Amino acid sequence: MNPYIQKITRALGILLLITGCAREPYSFSKKIYRKQLKAEYKQLKRMEAPVLEDSLLVLPSGFIPTTNFNLRKPNFVVIHHTAQNSCDQTYRTFTLQRTQVSAHYVICKDGTVTQMLSDYLRAWHGGAGKWGNVTDLNSVSIGIELDNNGYEPFSHLQVNSLLVLLDSLKTKYRIPAANFIGHADIAPTRKQDPNAHFPWKTLAKNGFGLWYDDLQDTVPDGFDPMNALRLIGYDTSHPEAAIKAFKLHFVQRDTSPQLTAYDKRILFNLVKKFF
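At position 60 of the sequence shown (counting the first as 1) the number is 70 in the working numbering, and the numbers step up by one without a gap.
Source of the hints: derived by calculation from the structure; they are not laboratory data.
These figures come from a predicted structure and were not determined experimentally.
Among the clues, some could well be false.
Straight-line C-alpha distance at most 25 Å; calculated SDA-like pairs for lysine to any residue [unchecked claim]: (1) Lys283 x Thr265; (2) Lys215 x Asn85; (3) Lys211 x Lys274; (4) Lys282 x Tyr272; (5) Lys45 x Arg132; (6) Lys40 x Leu106; (7) Lys283 x Arg200; (8) Lys211 x Gln268.
Quick list of simulated restraints, FRET-style, between CB atoms [claimed, not checked]: (9) Asp129 x Asp264: 32 to 42 Å; (10) Gly160 x Asp223: 41 to 51 Å; (11) Thr270 x Asp177: 32 to 42 Å.
Positions of the beta carbon are idealized from the N, C-alpha and C atoms, including for glycine.
Start from the sequences, fold in the hints, and give me the full structure.
Okay, here's the thing in structure tokens:
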């Protein structure tokens, strides 16, 4: 058997064993989860079939099978707030097929971390969005949902658990500091999460995301804010939305669609510091 298929088989076998251990309280969703894993595996086998045949029987001209490979790993973390009123409500949302939405992790106000999907599988958390040249964030990212109705501060226990989780993910997958971003960053015309109470500065101090210096230089003549936003990663096809998303992340006390002199100093400092 192709070593790649063997690796997938073992990984899925472990996942199926884990998800099959308990029946309550989400036995139905676990049943659907196992069924979906089996379907994904069957699809993978169909996709690999020509490669298996070519590799084992007749090698086509120019085909040289490598022996060095493994599962692909995530390279971004996208942080959300749930916009719901409890973790239980979010669990239910993510375990109903009709909702068509999911995340890898949910962190409750008391700091409880619940994993809902393997890091190696594609969750449906980002939707349509763009960051830099990446137009399918779901395929390259881990989604983390924080229990928050969208208007309240995030608890210390919640943030502490998030920092521990982010440290683990960053170490395990070697995710660059710049690739810890928010839902609003990648989908500025649709989303406003995590909300303005989210402690991006605290995260950046711990190595998760970017932040500006307390003292910023004067913005030089000819500075192009839209180009600066693009360099950071924002989609500027809707300039006002991009500005609001930038300010939600880095300014927070003001999320209007206009850049003030202070906003431009922050923007200039970020570009000078990191790009």
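Results of checking the hints against the structure:
1. Proposed proximity of lysine 283 and threonine 265 is supported: the alpha carbons are some 23 Å apart, at most 25 Å.
2. With a C-alpha separation of about 20 Å, the suggested pairing of lysine 215 with asparagine 85 holds against the 25 Å cut-off.
3. Straight-line distance between C-alpha atoms of lysine 211 and lysine 274 comes to about 18 Å, which keeps the hinted pair within the 25 Å bound.
4. About 15 Å separates the Cα atoms of lysine 282 and tyrosine 272, which keeps this hinted pair within 25 Å; it holds.
5. With a C-alpha separation of about 16 Å, the suggested pair lysine 45 and arginine 132 falls inside the 25 Å cut-off, and the hint holds.
6. For the given pair, lysine 40 sits about 11 Å from leucine 106 by alpha-carbon distance, which is consistent with the 25 Å threshold.
7. Between lysine 283 and arginine 200 the CA atoms are separated by roughly 29 Å; this puts the pair beyond 25 Å, and the hint is violated.
8. Restraint check for lysine 211 and glutamine 268: the C-alpha separation of about 22 Å stays at or below 25 Å, so the hint holds.
9. Aspartate 129 and aspartate 264 have their C-beta atoms about 36 Å apart, which keeps the hinted 32 to 42 Å range intact.
10. Roughly 30 Å separates the CB atoms of glycine 160 and aspartate 223, a value that falls outside the hinted 41 to 51 Å.
11. At roughly 34 Å, the beta carbons of threonine 270 and aspartate 177 sit within the given window of 32 to 42 Å.
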